[in-house]
Amino acid sequence: MNRIMRDRRSLPGRTLLALLISLLALTVAPAQAQNAGDRVTVIVLDQSGSMDGTDPLGLRCSAVRLLADLATEQDTYGLIRLASTTDRVARVEIEPRRLGYQPDRDAFRAAVRCDTEGNTPIADSLRLAYEMLAGVAGSRGGAPFRGRVLLLTDGAPAPDSAGQIEEIRALLPSFQAKGWTIDTVGLQLRAQNLAGVRELLQEMVDQTGGAFLGDVGDPSDLQPLFVGFFARQSGRTSVPERAYTLASGGEEQIQIPAGTRRIDILVSKDDANASLTLVRDDGQPISRSDSGVELFSTDDPYYTAISLVNPTTSRIFLRSDRPTSGVINLLTTTDLTLSIRQSAAARPANQPVDIEVFFARSGNNNQPVALTGATVSGSASIDGSGVPLQFVDDGSGGDTSAGDGIYTARVNLGDTLVEYAPRQVDVAIEGVTDGQRYYAQQVFDIVPVPDVQLIDPDGVFEVPGGAIVEIPLRLAWRGAPVGTAGWSFDVIQASGASRDTVPVAVENDRVVVTIAGANALENAVTLSVTLRASTSAGLQTTVELPLTIRRAPG
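For the sequence shown, the working numbering assigns the number 4 to the initial residue and increments by one for each residue that follows.
None of these hints come from the bench; they were simulated from the model.
If you're wondering where the values come from, they're calculated on a predicted model, not measured in any experiment.
Incorrect hints may appear among the rest.
Said to hold, decoys possible - The calculated SDA-like cross-link candidates involving lysine to any residue, where the alpha carbons are at most 25 Å apart (straight line), are: (1) 181 x 96; (2) 181 x 390; (3) 181 x 148; (4) 181 x 388; (5) 181 x 76.
Given these sequences and hints, build the entire structure.
Laid out in structure tokens, this is it:
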């Protein structure tokens, strides 16, 4: 029980209380949830001596050059050489460059060299990668971007494996704090019985919210893997890859999907001396100078890459002057897209989040279309923890209408927060229809919402006649007091009094509700007030708190 008196003039009106719910001041980058935006990727490429045995043809380098060929004006790449002679020091091959500019693209491709040397300094490579990303962040003055490391290796850190692993683990929280992810690729780890290295690569992924892209048994599989990596980052549609084998003078048909506005035709080959040609259905070979040819890359010994904008033909023929085989990968931009419905840039952690995804066709005002047999899956990643998303279009859960083409996943993300601060949620979605894979991404913040607590916890107050009572409240998150910055408060409902007569003030990180007119009390009065707390970012929440006010004896 609490006895509170003050020598202040009674305020007019009847008794009442007020309450608040609050949260740390928010700084959320865009005013609405964003798609992928600028992408900054640092590639850490193993060039240690063991690569002479696991990838003697240097197909890893061809896969990286292909990434550079595909890069758009939104893509910035840097390259780190994961190799050293007698020490543990990695080397920067090229600082991050925006590869939509052809001279920078050419410079990056030229920096991809496949000569090998000695050791595997993974720890120092990750340190350099972090410094690269930090340098980009500093040069852009806080402008948002999606930072990522793509690391490929065929072995354990060396020399001093234990010491390097300790350094790697000490560095991972720094990536996590910045929201920069690490994607990893192993090369022939299982074949070498390197289970520990697989576990280390998985640990990097788990701690930063990245992806373990696989343990590749054959280096020829690296190109399709890297193409898939680019498709997911860029949102391009991926047509299922297919293997081919051509005799000298042989021909393979490539069908261009209907409604295609752009197609990337990416063909690997196992014979460095084979010359591949792509021919239109009128028999004319595609050349660099043709209208609509945006990419024409044939100088790498192990792939050919050509991109066509608004193709005028429905099929392309692949021809070779020598026997060869490989894989055909197609990336397309069609009139069908996968979209994530835009929503608030920040969402409260004490409420379930509904993520809505739909297919739409261009020229239809981005309206959802229902497609028979289509499926949608995805994940939400926060602080390195991935949460699978279960999408439905059956009217259950948060889905509003069955069969309308809007797939909804309802997920609770509040339990994943580890500290009282807004955290970035990275949503990655994959949709499949007619065998083609569509990708979409979105970023938003999840905001922890504290509890409102009476500092005097029993909620019963005795007031001598004529006195004013002040009810102190505080905000707490998981039992620990927190500040009140960033929130404003107003009473939206009151039981037993006019809400206009309830003063609410914030004093030294406390919320103080003033109750006047206590001299009129004859009996105990229970009051109930509903207070709304809101932020400039559009978040709001309401809380109801009952109090008992009674006249003190005597």
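Evaluated hints:
Between residue 181 and residue 96, the direct Cα distance comes to roughly 24 Å. Compliance with the 25 Å bound is thereby established for this hinted pair. Our distance criterion of 25 Å between C-alpha atoms is met by residue 181 and residue 390, whose separation comes to about 19 Å. For the proposed pair residue 181 and residue 148, the alpha carbon gap of about 11 Å is at most 25 Å, so the pair holds. The straight-line distance between the Cα atoms of residue 181 and residue 388 is roughly 14 Å, inside the 25 Å bound, and the hint therefore holds.
The straight-line distance between the Cα atoms of residue 181 and residue 76 is roughly 23 Å, inside the 25 Å bound, and the hint therefore holds.
Every hint from the earlier list agrees with this structure, and none is contradicted.
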